[in-house]
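Same order as they appear, the protein sequences are chains A and B.
As numbered in this note's numbering, residues 1 to 459 make up the first sequence, in order.
As numbered in this note's numbering, residues 1001 to 1494 make up the second sequence, in order.
Hints were generated in silico from the structure; no laboratory data involved.
These numbers were taken from a predicted model, which means no experiment stands behind them.
Where hints are given, some of them may not hold.
Unchecked claim - Subject to a maximum C-alpha distance of 20 Å in a straight line, what follows is the list of computed PhoX-like cross-link-like pairs (lysine-lysine): (1) B:K1131 with A:K96; (2) A:K63 with B:K1131; (3) A:K63 with B:K1129; (4) B:K1187 with A:K376; (5) B:K1430 with B:K1393.
As the list claims (entries may be wrong) - Restraint ranges, calculated between C-beta atoms of paired labels, are given here: (6) A:K260 with B:E1168: 55 to 61 Å; (7) A:S420 with B:K1241: 48 to 54 Å; (8) B:A1345 with A:S458: 23 to 29 Å.
Claimed, not checked - From the structure, some residues in chain A lie toward chain B, with a derived Cβ separation under 10 Å: (9) N40; (10) S46; (11) E49; (12) L69; (13) T70; (14) T82; (15) E88; (16) Y131; (17) V135; (18) S149; (19) K187; (20) S382; (21) S401; (22) R403.
Backbone N, C-alpha and C fix where the C-beta goes; we use that ideal spot for every residue, glycine too.
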Amino acid sequence: MFEDRLRDLLISGRNQARKKGINAEFSFHREKSSLIRLGNSAVALSTHEELTRLDISVQQGRKVGSSSLTADITSSEQLQATLDQAAENCKAALGKDYEPIFGKVEETVDDSAGFDPELENFSPEAKTDLYAEVVKALKPKGKYDFSGSWSSGSTEMYYITTANDNEAYRRLTDSKFLMVLKEQNRKWELSVERTANKTGTFMADDVIAEFSSLLPIYEKNSGYKTKIGRQRVLFGPQAIAELLMLGIWGGFFGRFWEEKRAYTAKNKFGDKLFDASITITDDPTNPNVFGMPFDFSGKRRRPFVLVEKGLFKGLLYDSMAAAKYKKQPTGHDLSNTDFVLAPGNGPAGLEAGKKLAKNALYIPHLHYTHLPDPTKGMFTGSSRFNAMRLENGEFIAPLFSTRITDTSPSVFNNIVAVSSISVSQNESSTYSRRMPEAMSVPEYMLCDNVRITDVADSF
Amino acid sequence: MNTKVDNIAPAVKNQFERMIGSGCSFADARFYDEDSSQHIVLYDGNLESNNRGFERGIGVRVLKQGAWGFAATANLTAISACFDRALANAQAAAKLLGFPKDMGPAQPTKGQYRPPVEKDPFEIPLSEKLKFLKDIDTSLRDKTVAQRIVTANFQRRRIYYWNSEGTEIDRWVLNTFGSMMVMSPDKDGRNQRRSVELYSDGTGTRGYEWLTNPDWFAGHAERIKSELSEILAAESLPPGKRDVILLPGQGFLQVHETIGHALELDRILGYELSFAGGSHVRPEMIGTLRYGSEKLNCRAGVVENSAGTFGYDDEGSQQRDFMLIDKGVLVNVLSCRADLAEANAKAGKTVVKESGTAARASAFYRSPIDRMTNINIDPGQDGTLEDIIKDTKDGVVLDVPVSWSIGSNREHFHFGCEIAWEVKDGRRTKVYKNPTYQGHTLEFWGSLDKVGNRSTWRLHQVPNCGKGEPNQIMELGHGIPVMRFRNVQTGEKE
Ligand SMILES: [Zn+2]
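Pulled out of the complex, with its shape left as it was, chain B reads as follows (with noise of 0.2 Å):
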């Protein structure tokens, strides 16, 4: 059988006729006729990966009696069968059915989507890329350089959707993802880095020309090479309550582990309890807890150049805009379609009235579950990052994290970064290594006093969120600027 798109989307559709004859409530299917990847590793200058990888197959959904079941095949030519797995399944999960799952009003889109490209990147020649790399690992090279690590990545996906309502969705997906670290050890033997990975201000596009774009990237090399040593001659952070100022860098993650994770309806709703952890909020906290201070502005982001932006969403939602966190109020939370009635009825209320676009699966052998999107925090009005510096008495501004440990409810956290700039009466003083900060979520929130203009607004990706069972990497976005919050626990004591 001929497995191209004009033969299978007929399959496709015949099957939902028979899903639908069988007592199924929706159906859906997601075709990724493409789905390549490429991963380049060079350590120490060496090509360590060189990967081409693609993939191509079919993951089909059906809902019946309030019950999902999935079933995803790499053989095109059982699509029938891969429906009548998905069909068995959610008759076997219907034997011990909870709240039972319901798609809400029928919405029947019709849409394509294509990410702002110059420079496919699968069409570069695989040798421009490895110089381009190669000519960044040797300006890392330095006699206080112990290890180097530079990589890129790129993602192009051709995914075609179709559901029971009459949806088609036909898009295009494609990412690019750059990173570089320098290590070496301490006076103590212990390990220092310093790393950048491909950032942007949000404008532009995101091909190839994104990783070739100095400003974004290889112009960074000098750098973290000179604040490595800079971190090798440094003491520790002294441990002490201390004003920190979080560079994009670092404040990309805060977000993601604390607000973004937290805001996961599945996740609020229990059902990730036994694997990524619970929520501490409950549904029926949105539209009402205070989760931050007024200068909290927090929202679910179309950024153009962004692993986070997608068009539309793997039910056929378009991608909306929202509000997450309105002036420190939790409004909106990061769901999809089938969990709406179960959050209003445990709510005892209207908390949620549309899909926030959020359902996402990492591959066509995944099946959709809550996931964030572009999770940003709105550009302030207390101006550059200098002129937060200039405010604060004492503090640290911090910047990329090497650990983190976060509670399963997302309520507490302890983050280590690689760097730390001490600020004393409005000016930098001095690096300082090791430092660490910890909190409690809401107060933590609850102490952001100063966010940054729209001049320290960055666009950070996170290429390996994982999540769910089966586990899903997914790749998502931060626009954030720099932060500050009042009186952090900071540092360890020995």
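Isolated chain A, as found in the complex (with noise of 0.2 Å):
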């Protein structure tokens, strides 16, 4: 539940802003964030941070004005003030040529599920014992340096408007966690990540036997160098995000669809465009993901297909897009969505899915990605952490940088086997605002005639 004297200020707000006969959404964003920063295997830096911030926008016809303030919203100066640069805003507004979607919140949610008061309060100390053991463990067993960060913290928000008095509430705590060993010799990397949304689900015991059993292959054997080419590639649930997130982002975004710049620009809804195994949702019930139960224009946010059994379904619309396209709006006037690629056919375990490979790539991580083309889904990014070369269903040797070129709707349609159990990936960034976000994706996903841009000769 919403802090009363918080609660309070806000309606008075609307309240006034009705009185004046002003179009106004609010939106409330509390954090309290903390960071911890590992480098040469020490704490670099300890970070805590507590903002409130408050994103007035008002709308009159087709003019529309917004404003924001990040400082302490306790007043209620503070908060006219905001609101009067919001309305003065609007009234030098440029009108548009379209009718704008003005926000309303579809019903009122309260929602405090997520929230774990021991992980609001997650210690530094606690944090740095973790690393330092993980560490102690591994450091003496060779020629290692280890950085990462570990991120936690609590969000609160807190949306209304002046259409009714309806009220969405969400107060969720998240967690990051990554560390990188780095071999200094032989520069290869490899990493552990996690997420979580309560404290205790994972210990340094975990951290440091996922290590060991990376371990052997990158100290025993040396950097393979794979070819240029089409090949069969294993993917792990980071580059499976990835790559999920690259192919949404060229495909599904209702105004570039609009604008003929998406790669499904020529399709229609009900056109086959990737394999029958893969079902893309923005599922926001689903349990590996924080879950975003609205939006910012209060849109209820329910499960919405995109993707199902290979076709196309759904195009996401922010209220913006909608407005000027005629469109429904899908819940999507925020930026952290609630991506879902569905568990598959293929038999659980990673162990499995080696042996269903037999000779492939094994890349479960995919960095520097961009994408040189969007019009044709083209993507572009390098194998970096935990590659390996797999032979016979077994891990060989640790692979040299890779580079993958192609396009979204290649690999989607080149499925071998999806994994039929998934895990959850943080996609969680500290630009600006704390905005917990993950993704549910298969644990691999096997994929033929992937295309091999570039090997390099190093990790």
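Hints in hand, dock the two standalone chains.
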């Protein structure tokens, strides 16, 4: 439940706006964030931020103006000044050539299910202790250097508008852990990642065990330089999330589709886009994602299908694109989505995936990705952490840096198997405000004919 | 409690005493009394962003037993609690300590800074700005143009900096950014674009008057429109090795990615490894590494009208103008005070003597890290752009980045640009679309053989350089002449 003092303040702001005949949307954000950074096997920085933010958007006819405040939001004067600024911006605005959609909270939401007070106050000492334990266990075993970061905290979001009396409130905690082991002479890197929404979900022993399972292959074998050309690739969770994001970026944004800049621009709903094993949704009810129950136009977010069994089913329209192109908004006035690539029929467990793949490249992470030609869904990116050569279902050597340049339609059409087990992949960043975001992806995805365009002599 | 600076300053100074009393060797605070921003976007003529932002709060750092702790709050009545948080963070960090951080000798400073501005953009009525931008949008309309985007961005900050050495800095920051872009699909359905961002020749002031100076912004609308139609009619750049002439609109990104980021000391020391990446430069190379040809002179410069000029950095050091690469040899890096001792220890000799005044934070709620300032290439003696073209047998002139991919240690790169002009036997012949080029950093800078004179030198701003955890978006500048590189791999094999 939202703190009474702030709720009263924001509702009084809404009442003032109504009294003045102003159509206003109020969006409040509060975070308690802390992060420690590991560099050169030591803690390099430890931070803590407590921030409150208020965004107000005012709409009169075809004119819109907004104002944002990141300060101590406890006084009605401060709130009034922000509302006045938004109203002034609206008054001076240029009218749009379409009818903009005004925000309205569809139904009252009061969701604190994902909040863990222990994680909100998770101490920097506890983080340092876990990092120290891993460093102590593994550093003596080789010329290793450790880096990484661990962010945790709480986020509160509250959204109301003058359109009705409903209120949308969300409070949750989240944690994103990354630890990278780098071998100093040969420069290979291994990583371990964890996502959590409560404390106690993982221990130093788990991290040590995961590194330890990867180390022998990397220690005992020299780098494998694969051939340029089309190959079988077994993708792991971070790479799958990256492929999913690139695929959605290039093909499923309503605005880009309408502007014919999406690789799906020539397709209509019902067309076959991908292999029948591919189903993509934005599903806030999935347990592997942080699950945002509403967006910042007040839409109740429900499972939304983009691709079902390979068939084109939906496009994402925020209220701006929806208004401009006369479509229904789909609940995407937000930056933290809940994308899900559905699990498939492949056997459970990475070991089973390896046996199925037989001879392939195992690429669990894709880095430095970008879209050289979005209109074809073309992307490029390189292997980095934990990448290995698979022969007869066994890892035989670490992989030298390998670049993939392919298209999303090609990758999602060349599916051999998709694991029946899903995992959570944390995609949160800390640019501007805390916005927990995760995807649910299969633990592996096996693809044929993946286009390898460059191989290096180093990791 | 009254949260005016007259009350904040003594409260902060009391906390410094308390922190030093608690065993800290250093403490500092940045109070942002105002951090205003304005963001305007016209997309196909529709005003899609019309926002004013305001931030206010304090960020504090303490150094205890060689470990940093940072805390920030918007609640200015809770400054003491904020210092407690920073202290607890430093104590936690000290439990897993690496090379102890050390600020070196105390450098108490008192100073003020105000950038050169004629017209404060925040004093200009919104309606006047919108009319100006709408006129540009109208001039970009054309049957060959599918999408038009015109933006303006303004920042105004009043920042007070204090530290436990007695330093007191009071400064204003004021930045102006503008951009315009036209886009259309070509006959293959691939999106093509041509754009320009607000730039200058390095002279003048950086208020609203900069944006409205037609030489540096609005006057280019017709040109980008007609160049887009040339791109739409063009063939793709055929692959091959040829000379590459970078206009400053592309050269700035080449410098940013393969010199600027590689010379940030925190990257060199490995503190950005798991996020932004490392550097191919090692501490012992500073002073000896041949980074490029004799023609390469690169400096961290002070250019009056640039977002990379800020008077004093976020440790209170007065911004200096110094060489990074002198006649091709790496002589210095971008640094702050606390990492100098570690760099010298790792190098086994003194490679950095004083702070590179590059400690910068993007907001009150972010801790300063090593950042680019104005990373400039000095003008050369090889004449004008036309002189350099006249001297080129087989090459391309390239402008404005579309895509970039750079190795994590900045050792190699691949860039795509908006437009290429073919050069054959000393003349520009035709336009190519989809130009790309790639190379290895040191080899590429080693092939620099022509550097244009002052007439070719342009100041470009980067409003959105991302780095650090928690993540920070920083603004900075690059002053760049026209540059020619020999025998570069260009174009893509299908
Ligand atoms: Zn950058």
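Cross-check of the supplied hints:
1. Taken as a hint, the B:K1131 and A:K96 pair is honoured in the structure, with Cα atoms around 14 Å apart against an allowance of 20 Å.
2. About 15 Å separates the Cα atoms of A:K63 and B:K1131, which keeps this hinted pair within 20 Å; it holds.
3. Distance restraint check for A:K63 and B:K1129: the Cα-Cα separation of roughly 16 Å lies within the 20 Å cut-off, and the hinted pair is therefore satisfied.
4. Taking the CA atoms of B:K1187 and A:K376, the gap is near 13 Å; set against the 20 Å cutoff, the hint holds.
5. Distance restraint check for B:K1430 and B:K1393: the Cα-Cα separation of roughly 14 Å lies within the 20 Å cut-off, and the hinted pair is therefore satisfied.
6. One distance hint, 55 to 61 Å for the beta-carbon pair A:K260 and B:E1168, holds here, with the actual separation near 57 Å.
7. At about 50 Å, the CB distance of A:S420 to B:K1241 agrees with the hint of 48 to 54 Å.
8. Between B:A1345 and A:S458, the C-beta spacing of about 27 Å keeps the proposed range 23 to 29 Å intact.
9. The restraint placing A:N40 at the interface with chain B holds, with a minimum CB-CB distance near 5 Å, inside the 10 Å limit.
10. Hint status for A:S46 relative to chain B: holds, with the closest Cβ pair at about 4 Å, below 10 Å.
11. For A:E49, the suggested interface contact is upheld, since its CB lies about 5 Å from the closest CB of chain B, less than 10 Å.
12. Given hint, A:L69 at the interface with chain B, holds; its Cβ is 5 Å from that chain's nearest Cβ, closer than 10 Å.
13. For A:T70, the suggested interface contact is upheld, since its CB lies about 4 Å from the closest CB of chain B, less than 10 Å.
14. For the restraint placing A:T82 at the interface with chain B, the shortest Cβ-Cβ distance is roughly 8 Å, inside the 10 Å limit, so the hint holds.
15. A least Cβ separation of about 7 Å between A:E88 and chain B falls short of the 10 Å threshold, and the interface hint therefore holds.
16. At about 6 Å, the closest approach between the beta carbon of A:Y131 and any beta carbon in chain B falls short of 10 Å, and the interface hint on this residue holds.
17. For A:V135, the interface hint holds, the least distance from its beta-carbon to any beta-carbon of chain B being 7 Å, beneath 10 Å.
18. With 10 Å as the threshold, the beta carbon of A:S149 comes within range of chain B, its nearest partner Cβ sitting at about 5 Å, so the hint holds.
19. For A:K187, the suggested interface contact is upheld, since its CB lies about 9 Å from the closest CB of chain B, less than 10 Å.
20. At its closest, the beta carbon of A:S382 sits 8 Å from a beta carbon of chain B; the interface hint therefore holds under the 10 Å criterion.
21. Hint status for A:S401 relative to chain B: holds, with the closest Cβ pair at about 8 Å, below 10 Å.
22. Look at A:R403: its Cβ gets to within about 9 Å of chain B, closer than 10 Å, so that hint holds up.
In this structure, every one of the numbered hints holds.
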